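Sequential numbering from 52 applies to the sequence shown in this note's numbering.
Hints were generated in silico from the structure; no laboratory data involved.
Model, not experiment: these values are computed from the prediction.
Virtual Cβ for every residue (Gly too), placed ideally from N, Cα, C.
Hints are supplied without guarantee of correctness; some may be wrong.
Cβ pair distances, simulated, as ranges [stated by the list, open to error]: (1) Ala-271 <-> Trp-143: 39 to 49 Å; (2) Asp-159 <-> Gly-194: 17 to 27 Å; (3) Gly-175 <-> Ala-154: 45 to 55 Å; (4) Gly-194 <-> Val-153: 42 to 52 Å; (5) Leu-306 <-> Thr-203: 26 to 36 Å.
The calculated lysine to aspartate or glutamate pairs, modelled on DMTMM-like cross-linking and capped at a C-alpha distance of 25 Å, are [claimed, not checked]: (6) Lys-211 <-> Asp-159; (7) Lys-307 <-> Asp-159; (8) Lys-147 <-> Asp-159; (9) Lys-275 <-> Asp-159.
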Amino acid sequence: MASVPVKPLPFQRLQLLRRNIFTPTVPRALPMVSAAFKHRHFSGLSSYDLCIYESVRHMRNLWSCSTRRRVSKSPGVSMPVASAEDLPAVSWDSWKPENTTVAPSLSDVVWPAAGAFAAMAILGRIDHILNPKGITLSVAPLGAVSAILFTTPSAPAARKYNIFMAQIGCAAIGVLVFSIFGPGLLSRSTALAASIAFMVIARANHPPAASLPLMFIDGAKLQKLSFWYVLFPGAAACILLCFLQEIVCYLKENLKF
């Protein structure tokens with residue numbers, strides 16, 4: 052087989068490619084790449100480009116490793132440093148419905164809706180009885196409580212401890228703040244902030260209860276209840292809602308269609 056003579060590239064072209072490819076950001080990789088060029092001849096442009104590609108890829112790997120880790124002042128100890136590649140990608144999953152394998156059955160839709168209808172109907176009937184006294188039991192936060200109890204009974208906000216601790220505590224905060232600051236922007240802001248802090252400290256996460264202080268501060272009829280507002284209408288109505296929740300959960304488990 053005849054041998055094919057190998058002709059090296061001109062020196063000027065080699066220097067120009069080195070100047071365009073290699074940068075001073077990773078000086079440790081330069082001697083290794085230069086040694087590869089000194090001990091190797093190239094038969095054509097394709098093999099030459101392949102060597103350059105491998106060398107540049109190796110240099111980028113070295114630079115990536117040097118930016119991800121930083122050596123601390125203590126010998127032999129390295130500290131991880133976050134880089135752009137470590138940041139999580141923007142996810143739009145929270146804007147989409149949950150990917151459930153099984154669609155809700157008709158009973159899973161009917162029974163919670165029927166429980167909410169029964170709850171508001173009973174509370175409305177009680178309002179007719181209490182109407183001469185100028186007070187009401189079916190307040191707006193109870194709609195949110197009904198949605199939590201009937202649709203997500205296993206959620207943390209549906210726990211009985213969270214419900215009654217938050218309802219009683221936030222209502223008491225509303226009465227206390229109103230008695231100190233009176234109506235106004237300061238009392239509303241202080242009552243809401245104190246209610247959230249109370250729920251965090253007491254580990255009683257129940258978002259609908261945060262609206263009770265605002266209702267008392269802005270409602271003239273509810274202000275007549277004074278400290279009775281701690282138990283009525285929030286906590287008293289939740290007793291009825293929790294009772295209806297047990298019925299709805301029983302029907303969902305035993306009467307499916």
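Is it true that the C-beta distance of Gly-194 to Val-153 lies inside 42 to 52 Å, as the hint says?
violated, 28 Å
For the range 17 to 27 Å, tell me whether the beta carbons of Asp-159 and Gly-194 fit it or not.
For Asp-159 and Gly-194 the Cβ distance comes to about 20 Å; the hint holds.
Holds or violated: Lys-147 with Asp-159, Cα cutoff 25 Å?
holds, 21 Å
Holds or violated: Lys-275 to Asp-159, with C-alpha atoms at most 25 Å apart:
Violated, because 41 Å separates the two Cα atoms, which is more than 25 Å.
With the threshold set at 25 Å, check whether the alpha-carbon distance from Lys-307 to Asp-159 stays at or below it.
Holds: Lys-307 and Asp-159 sit about 8 Å apart, inside 25 Å.
Could you grab the alpha-carbon distance between Lys-211 and Asp-159 and see if it respects the 25 Å cut-off?
holds, 22 Å
Tell me if the beta carbons of Gly-175 and Ala-154 are separated by a distance inside 45 to 55 Å.
violated, 33 Å
With respect to the beta-carbon atoms only, verify the hint that Ala-271 and Trp-143 lie 39 to 49 Å apart.
holds, 45 Å
Leu-306 paired with Thr-203, Cβ distance criterion 26 to 36 Å:
The hint (26 to 36 Å, Cβ to Cβ) is violated, given that Leu-306 and Thr-203 are roughly 20 Å apart.
When the structure is compared with the earlier hints, violations turn up for hints 3, 4, 5, 9 and for no others.
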